[in-house]
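Peer 1: So the chains spell out like this:
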Amino acid sequence: MHCGLNTIKNYYLRAILAIVLAFVVKTNANAQNPDNRKDSVKQMNEVMVTYKRPVKTIATSQTLSGADLQALSTTSVADALKYFSGVQIKDYGGLGGLKTVNVRSLGAQHVGVYVDGIRITNAQNGTVDLGKFSLSSMESVSLYNANKLDYCQSASEYASGATIYLQTRRPTRDSLAVQLRNASFSTWMTKLNGQFDWRGWQGFIDGEYCTSRGDYPFRYHSEYEDTVGRRANSDIQYGRIEAALFKGGFSSHIYYYDSDRGCPGGIVRRLSDKYTNVGREWDRDFFVQASYQGRFYKKLLFKTNTKYTNEYLRYCTDYPENQNTARVDNHYRQQDIYGAICVAYMPWSWLSVSTSYDIRYSILRADLKRFDDVKRVDQKQVLAAQMNHKGIQAAASLLHQRYNDFTFAHVGAADPLDRWTPAVSLAYTLYNITLRGWYKEIFRAPTLNDLYYTQVGNRNLKPEYTKQWNLGVEYHLDNSKFKIQNSKLALDIQCDVYLNKIENRIVCLPLKGTYTWSMMNYGYTFCRGLNATVKGHYTRGPWSASLLTTLTWQRDLDRTNPEDEDMYDKPICYSPTLSTGITAIIGWRALQFTTSYLYVGERMWSKADPEDILEPYHNVDMKLSYTHPVGKTSLGLCLEVCDVLDIQYEHIPRYPMPGRNYKLTLSFGI
Amino acid sequence: MKHVTLILSWFIAVSILAQERIILLNEGLWQADNGRMTYFEGGAIVSNQWFRDKNGFKLGDTPNDIIQVNENLIAIAINWSNVVQFIRPDGKAVAATEDVPNNRKLCTDGKYVYVTSYGHECETINGTQFFEKGFVAKIDISNFKVIATCEVGYEPEGIALYDGYLFVANTGGYAFEENHEYETTVSIMNSETMKVENTIDVEQINLYGKLSQSGQYLCINSPGDYYGIPAACIIFDCEKALQGDDDCFVKLDYASTYSCTAQDGRFMAIGSRFSYITNEYEFNYVTIDPKEVMVSLGGSGIEEQFPGTVLDDIKNMMMPYGLYVNPYSGYIYATDAGSFEGAGYLYQWSPEGKFIGKHKVYINPAHFLALPPEGYWDGINPSLPSSPRGEKNPTYDMMGRKTDSSFKTQNSKLIIVDGKKILYNK
Chain H
1 MHCGLNTIKN YYLRAILAIV LAFVVKTNAN AQNPDNRKDS VKQMNEVMVT YKRPVKTIAT
61 SQTLSGADLQ ALSTTSVADA LKYFSGVQIK DYGGLGGLKT VNVRSLGAQH VGVYVDGIRI
121 TNAQNGTVDL GKFSLSSMES VSLYNANKLD YCQSASEYAS GATIYLQTRR PTRDSLAVQL
181 RNASFSTWMT KLNGQFDWRG WQGFIDGEYC TSRGDYPFRY HSEYEDTVGR RANSDIQYGR
241 IEAALFKGGF SSHIYYYDSD RGCPGGIVRR LSDKYTNVGR EWDRDFFVQA SYQGRFYKKL
301 LFKTNTKYTN EYLRYCTDYP ENQNTARVDN HYRQQDIYGA ICVAYMPWSW LSVSTSYDIR
361 YSILRADLKR FDDVKRVDQK QVLAAQMNHK GIQAAASLLH QRYNDFTFAH VGAADPLDRW
421 TPAVSLAYTL YNITLRGWYK EIFRAPTLND LYYTQVGNRN LKPEYTKQWN LGVEYHLDNS
481 KFKIQNSKLA LDIQCDVYLN KIENRIVCLP LKGTYTWSMM NYGYTFCRGL NATVKGHYTR
541 GPWSASLLTT LTWQRDLDRT NPEDEDMYDK PICYSPTLST GITAIIGWRA LQFTTSYLYV
601 GERMWSKADP EDILEPYHNV DMKLSYTHPV GKTSLGLCLE VCDVLDIQYE HIPRYPMPGR
661 NYKLTLSFGI
Chain S
1 MKHVTLILSW FIAVSILAQE RIILLNEGLW QADNGRMTYF EGGAIVSNQW FRDKNGFKLG
61 DTPNDIIQVN ENLIAIAINW SNVVQFIRPD GKAVAATEDV PNNRKLCTDG KYVYVTSYGH
121 ECETINGTQF FEKGFVAKID ISNFKVIATC EVGYEPEGIA LYDGYLFVAN TGGYAFEENH
181 EYETTVSIMN SETMKVENTI DVEQINLYGK LSQSGQYLCI NSPGDYYGIP AACIIFDCEK
241 ALQGDDDCFV KLDYASTYSC TAQDGRFMAI GSRFSYITNE YEFNYVTIDP KEVMVSLGGS
301 GIEEQFPGTV LDDIKNMMMP YGLYVNPYSG YIYATDAGSF EGAGYLYQWS PEGKFIGKHK
361 VYINPAHFLA LPPEGYWDGI NPSLPSSPRG EKNPTYDMMG RKTDSSFKTQ NSKLIIVDGK
421 KILYNK
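Listed in order, the protein sequences are those of chains H and S. Be aware that the first sequence starts at 1, since it is given in our numbering, and climbs by one per residue. Be aware that the second sequence starts at 1, since it is given in our numbering, and climbs by one per residue.
For each label pair, taking beta carbons as the anchor points, the in silico distance ranges come out as:
id : chain 1 : residue 1 : chain 2 : residue 2 : range
1  : H       : His410    : S       : Asn179    : 14 to 22 angstroms
2  : H       : Gln455    : S       : Thr199    : 20 to 28 angstroms
3  : S       : Gln263    : H       : Tyr568    : 32 to 40 angstroms
4  : H       : Tyr568    : S       : Ile356    : 19 to 27 angstroms
5  : S       : Trp30     : H       : Val377    : 30 to 38 angstroms
6  : S       : Phe283    : H       : Glu281    : 35 to 43 angstroms
Calculated lysine to aspartate or glutamate pairs in the EDC-like style (CA-CA distance at most 20 angstroms, straight line):
id : chain 1 : residue 1 : chain 2 : residue 2
7  : S       : Lys360    : H       : Asp609
8  : S       : Lys54     : H       : Asp226
9  : H       : Lys663    : H       : Asp79
10 : H       : Lys375    : H       : Asp415
11 : H       : Lys369    : S       : Glu177
12 : H       : Lys570    : H       : Glu611
13 : H       : Lys369    : S       : Glu181
14 : S       : Lys195    : S       : Glu123
15 : H       : Lys467    : H       : Asp569
16 : S       : Lys315    : H       : Glu563
17 : H       : Lys462    : S       : Glu280
18 : H       : Lys274    : H       : Asp215
19 : S       : Lys133    : H       : Asp329
20 : S       : Lys360    : H       : Glu563
21 : S       : Lys133    : H       : Glu321
22 : S       : Lys315    : H       : Glu565
23 : H       : Lys274    : S       : Glu121
24 : S       : Lys54     : H       : Glu225
25 : S       : Lys360    : H       : Asp569
26 : S       : Lys111    : S       : Glu192
27 : S       : Lys145    : S       : Glu123
28 : S       : Lys133    : S       : Glu123
29 : H       : Lys663    : H       : Asp646
30 : S       : Lys92     : H       : Glu223
31 : S       : Lys54     : H       : Asp609
32 : H       : Lys607    : H       : Glu563
33 : S       : Lys358    : H       : Asp609
34 : S       : Lys133    : S       : Glu151
35 : S       : Lys92     : H       : Glu225
36 : S       : Lys358    : H       : Glu563
37 : S       : Lys360    : H       : Asp566
38 : S       : Lys54     : H       : Glu611
39 : S       : Lys360    : H       : Glu611
40 : H       : Lys462    : H       : Asp418
Derived by calculation from the structure, the hints in this document are not laboratory data. Note that the structure is a prediction, hence the values are computed from the model and not measured. We put the CB at the ideal spot given by N, CA and C, even for glycine.
All chains should be modelled from the sequences, with the hints used to inform the complete structure.
Peer 2: What follows is the structure, encoded as structure tokens:
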């Protein structure tokens with residue numbers, strides 16, 4: 001329904017939204033119960049603030065937005081990211097498995113994920129399970145290698161090796177949509193989305209419930225094995241509800257996610273299915289965030305962010321089918337309060353200087369033995385300057401981070417961590433071609449698990465450092481430059497070469513002569529690579545076509561121990577040398593067909609034997625959707641076939657991914 | 001003449017080397033289903049996937065122990081696969097059972113295989129049995145079924161057989177996450193009745209890891225709790241324990257993480273004492289004479305030395321992961337797990353400690369079994385003293401079963417006396 005909807009209908013819609021919102025608020029009130037997570041984010045939507053955006057091409061970035069994003073065969077943010085160059089997905093398979101991304105081999109913990117500019121954090125393990133975020137409320141998903149460069153950014157936006165920005169959609173009209181999906185492996189999903197735009201206020205509510213048995217068949221077939229089975233303990237039930245409210249420079253977001261899932265293990269030799277190493281996990285994540293951005297005296301930009309997060313995790317292995325591990329039933333509760341303030345000053349239109357101060361207070365509680373509450377205060381300050389003059393763009397920033405931990409845990413708190421790290425970028429644009437180069441140094445602080453987890457943690461860990469160098473070129477052709485009759489063409493071509501060094505990798509290793517494992521700083525990685533993307537859009541009359549292609553070539557070398565001739569200067573595990581993706585989207589009126597192809601090259605998973613490799617794989621997904629208007633409402637039907645070729649690949653050895661599967665979605669909107 | 005001696009000595013060396021037949025279990029990576037068996041013979045690796053070569057299927061996930069049951073049978077505990085696998089000495093699989101989940105360590109009397117388990121249930125010929133703590137299962141090798149079980153302490157690990165009694169070291173190793181404390185006991189059970197007859201408190205927690213046996217003596221490792229309680233090693237006298245003597249153990253302030261029994265009956269051990277509080281290691285390499293340690297209460301009988309260059313070579317390893325002496329030849333072996341992502345290495349030394357070679361094996365090489373030199377099976381436990389419990393020259397049949405003396409009066413038979421095969425004619 002468009003703005004033409006009559007007022008009465010509008011009132012109905014708002015009433016429904018108000019009820020749902022009230023429910024959310026109530027849930028939130030119940031969230032005083034520590035089992036819930038809460039988190040408040042204040043966020044500002046830059047779309048509403050009208051100032052000249054810096055030229056984007058200075059940063060190496062990739063974005064999927066709007067129609068392209070919705071046209072991809074995706075269920076979560078993790079699925080969308082696989083279409084980006086330089087991204088490796090770590091996926092334990094199935095719907096419920098943990099999905100994390102690794103950018104340019106820096107490691108998942110160097111990837112910062114931001115919702116509307118505010119970072120999603122997990123002080124406990126430092127990774128974000130991207131399977132928990134839906135695309136239905138997102139306007140765009142962007143990946144920035146190093147920093148996104150805006151005039152006014154909070155210090156934490158400078159603090160990760162790669163950044164993923166999830167931008168929520170600001171509604172431009174009132175609407176209500178429901179969706180029902182049935183998919184392979186007994187999967188049912190229902191979704192509800194309501195949006196409004198009223199007197200400068202915009203908002204939405206998005207809810208989803210999904211249940212899946214996830215019992216997909218798999219087969220391992222080789223000269224010494226023929227194992228056929230169905231994935232066990234791979235089910236998931238989850239509910240997610242989120243709402244956002246915007247007005248001008250103010251934006252806010254509230255989010256709650258609740259899941260119950262099985263954690264399947266690797267497929268190993270067993271004589272029967274009698275024992276399955278059952279572990280189950282329950283998550284309750286809550287956050288609320290708000291942000292405000294404003295402009296004063298024309299030359300001063302001001303932004304403030306706040307967020308409260310409450311995360312609960314329960315992990316239980318006390319089941320008769322599990323005879324292989326300790327019987328545990330552990331509960332982890334983590335709370336996080338965050339605040340940031342940033343000020344940017346623009347003496348001339350081509351120069352900006354900015355500074356920001358961020359503070360985050362985290363507390364982790366767990367009923368582990370030999371564990372006590374851990375509190376962490378994480379403060380960051382940044383000084384940054386940017387210029388854009390006559391085609392020359394430059395940006396420099398200096399980030400200061402300080403971490404202080406407090407705990408009564410037996411091992412004692414780690415020493416405070418205090419470091420300065422720089423980043424510089426330089427670009428020159430001539431006509432439509434930009435040449436760019438940047439350097440960034442950043443570290444990741446050891447997480448609370450790394451430092452304090454019972455019988456693993458090591459409070460003497462040093463931070464894991466990364467240094468990145470990048471040289472790139474980008475060509476951009478605009479719609480306006482190419483117009484013949486009714487057709488429009490837009491083209492964007494990027495190519496970047498890069499070099500990364502990672503020092504003091506934080507890894508869990510068995511200890512010499514003790515039978516026990518501990519977190520340690522061990523490892524030095526040297527990585528060279530090339531990322532290239534070509535994006536084109538063409539429209540003519542009722543026809544539209546998009547082509548997205550990516551290519552990643554990468555060589556990661558282990559430079560840890562020069563005396564270890566089996567490992568030194570050899571490629572590191574799990575890193576493919578070559579991967580490519582091609583996605584084509586063709587639309588004709590309300591009919592749309594998408595096909596995407598991904599190739600990931602051979603990866604080693606151990607260096608012990610040349611046969612310890614993950615086979616290269618080709619993955620083809622197809623999606624056909626049609627929307628039919630019925631009066632003022634619309635009816636949609638969408639069929640997706642994933643892994644059309646039914647190639648059963650793996651991201652982790654012995655964790656098979658589902659083969660060919662289908663999704664049928666029915667949607668109704670007003 | 002000099003040349004003749006040289007050639008002769010070379011021949012002797014080759015013939016001894018040719019008798020070296022070692023099966024080595026590579027644990028692989030957890031949940032990657034890549035446990036592998038290395039077969040080493042005559043100074044060279046025959047295969048690093050020997051089990052797969054011989055059987056056409058994989059061994060499983062995390063093999064944890066290997067023993068020889070009798071001349072024709074070897075048992076392997078494959079922990080994460082929940083499988084106790086039986087093979088012939090030529091590598092051919094003969095049977096496997098998953099009746100003992102979370103199996104840990106093995107011992108045998110030639111007729112039965114005794115398995116410790118951290119699990120809480122066991123499938124037996126009398127139906128499924130359930131346990132609150134851990135248990136020991138008795139597998140009959142005539143049908144590979146569990147015929148009896150016995151609950152012991154939490155997470156029982158090492159197991160040894162001495163004079164008809166099983167000695168089980170309890171760890172309580174899940175204490176850092178489960179609701180019980182670490183165990184400090186050795187359970188003594190009658191292998192025939194499978195009943196615990198005595199439990200000895202050795203006053204040291206977490207009796208975890210490899211247990212080595214030298215006749216009546218055991219060398220039991222304790223890593224401590226990795227916090228305030230340091231690692232130690234217990235020298236345990238089975239004979240004294242059976243006699244009811246309370247002073248049947250001595251605690252030494254060394255870790256024996258990787259231990260083995262040398263040909264002279266002494267224990268050799270590599271260990272390190274680690275604490276999560278300081279995050280510091282304290283390494284030790286010791287040779288222990290158990291008899292002297294028992295007499296002197298730890299005052300003497302300990303040497304911080306290995307033969308020849310063994311100690312120096314081990315100190316140069318990235319990550320020592322196993323130590324073994326071939327009971328038939330005295331050749332010394334150790335493994336280096338390296339960086340855990342890549343292949344480990346097998347090192348070999350002569351009995352005098354002269355370095356012979358280094359061989360690439362697979363991930364986490366840990367558990368050894370020496371096969372008897374061709375045609376020479378000298379009993380179930382070569383390091384067993386010849387006269388335990390005052391009995392003169394006990395005899396065994398070819399299955400390794402102890403036979404009473406009346407056996408000797410039967411018809412002519414092949415029997416084992418004093419670890420030697422004898423054709424006994426009436």
